[in-house]
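Could you put together the complete structure from these sequences and hints?
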Amino acid sequence: GAGVSQSPSNKVTEKGKDVELRCDPISGHTALYWYRQSLGQGLEFLIYFQGNSAPDKSGLPSDRFSAERTGGSVSTLTIQRTQQEDSAVYLCASSNRATLGNTIYFGEGSWLTVV
Amino acid sequence: AQTVTQSQPEMSVQEAETVTLSCTYDTSESDYYLFWYKQPPSRQMILVIRQEAYKQQNATENRFSVNFQKAAKSFSLKISDSQLGDAAMYFCAYRSSRGGTGGFKTIFGAGTRLFVKA
Chain A
1 GAGVSQSPSN KVTEKGKDVE LRCDPISGHT ALYWYRQSLG QGLEFLIYFQ
51 GNSAPDKSGL PSDRFSAERT GGSVSTLTIQ RTQQEDSAVY LCASSNRATL
101 GNTIYFGEGS WLTVV
Chain B
1 AQTVTQSQPE MSVQEAETVT LSCTYDTSES DYYLFWYKQP PSRQMILVIR
51 QEAYKQQNAT ENRFSVNFQK AAKSFSLKIS DSQLGDAAMY FCAYRSSRGG
101 TGGFKTIFGA GTRLFVKA
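These protein sequence lines are chains A and B, in that order.
Okay, so the first sequence: first residue is 1 according to the numbering used here, each after it adds one.
Okay, so the second sequence: first residue is 1 according to the numbering used here, each after it adds one.
Be aware that a few hints might be false.
What the hints assert, rightly or not - Computed cross-link-like contacts, SDA-like style, restricted to lysine to any residue with a CA-CA straight-line distance of at most 20 Å:
| id | chain 1 | residue 1 | chain 2 | residue 2 |
| --- | --- | --- | --- | --- |
| 1 | B | Lys-70 | B | Thr-5 |
| 2 | B | Lys-55 | A | Lys-57 |
| 3 | B | Lys-78 | B | Phe-104 |
| 4 | A | Lys-11 | B | Gln-44 |
| 5 | A | Lys-11 | B | Lys-55 |
| 6 | A | Lys-57 | B | Phe-104 |
| 7 | A | Lys-57 | B | Thr-3 |
| 8 | A | Lys-57 | B | Gln-2 |
| 9 | A | Lys-57 | B | Ala-1 |
Worth flagging that the hints you see were computed from the coordinates, not collected in a lab.
As the structure is a computational prediction, the values presented were derived from the model and not from experiment.
Now the structure itself:
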């Protein structure tokens, strides 16, 4: 697609429920990132996928968080047993080694509210 | 591990004036990329400008320019002739070019909120 696409754009869920957030990267981009941005805060790295390599999961805050990337394209971030502190904007980004400086391009984010 | 520090939580500038946003970073690597991203209220992160560490010349994009001081590990953003549309959150970011201990993830500072006064 023309840009990074994320869905849903907004999600309200009850505490304890599981949620799935989807990211469709720019076509041909081999790298995909998930970041979390709490209200008024900076970007917190969560996970990074690069081609067929093992993902860098060093930023996942707990084992309730997981992500997968199927077929090297679409990625799903899953949060199990959601807590109120999980409320944030979840940003997905993608990049391609062919782009200058491996610049990453962001989607518009998924705003998660846990009530 | 690499870190990025933006010491100014908020800045304010008069329309048509110039403002400089500060960014410092810490790394043991010699080869890397630096970026400034803009996040307006719409939440969409937009790349403003990028700099390759091996280049001594400061990057420029229209009204946006950087002052890259590699030895001091400083990467400030200058916005000239500020416009109302420049009001946004600005994030400084670092990315290794060789992977290293931090891998290839892009690391962001906490951001500086820029207000533009009419």
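Hints versus structure:
no., hint, in the structure
1, B/Lys-70 with B/Thr-5, "holds (15 Å)"
2, B/Lys-55 with A/Lys-57, "violated (31 Å)"
3, B/Lys-78 with B/Phe-104, "violated (27 Å)"
4, A/Lys-11 with B/Gln-44, "holds (17 Å)"
5, A/Lys-11 with B/Lys-55, "violated (43 Å)"
6, A/Lys-57 with B/Phe-104, "holds (12 Å)"
7, A/Lys-57 with B/Thr-3, "holds (18 Å)"
8, A/Lys-57 with B/Gln-2, "holds (17 Å)"
9, A/Lys-57 with B/Ala-1, "holds (15 Å)"
Hint compliance for this structure: hints 2, 3, 5 are broken, all remaining hints hold.
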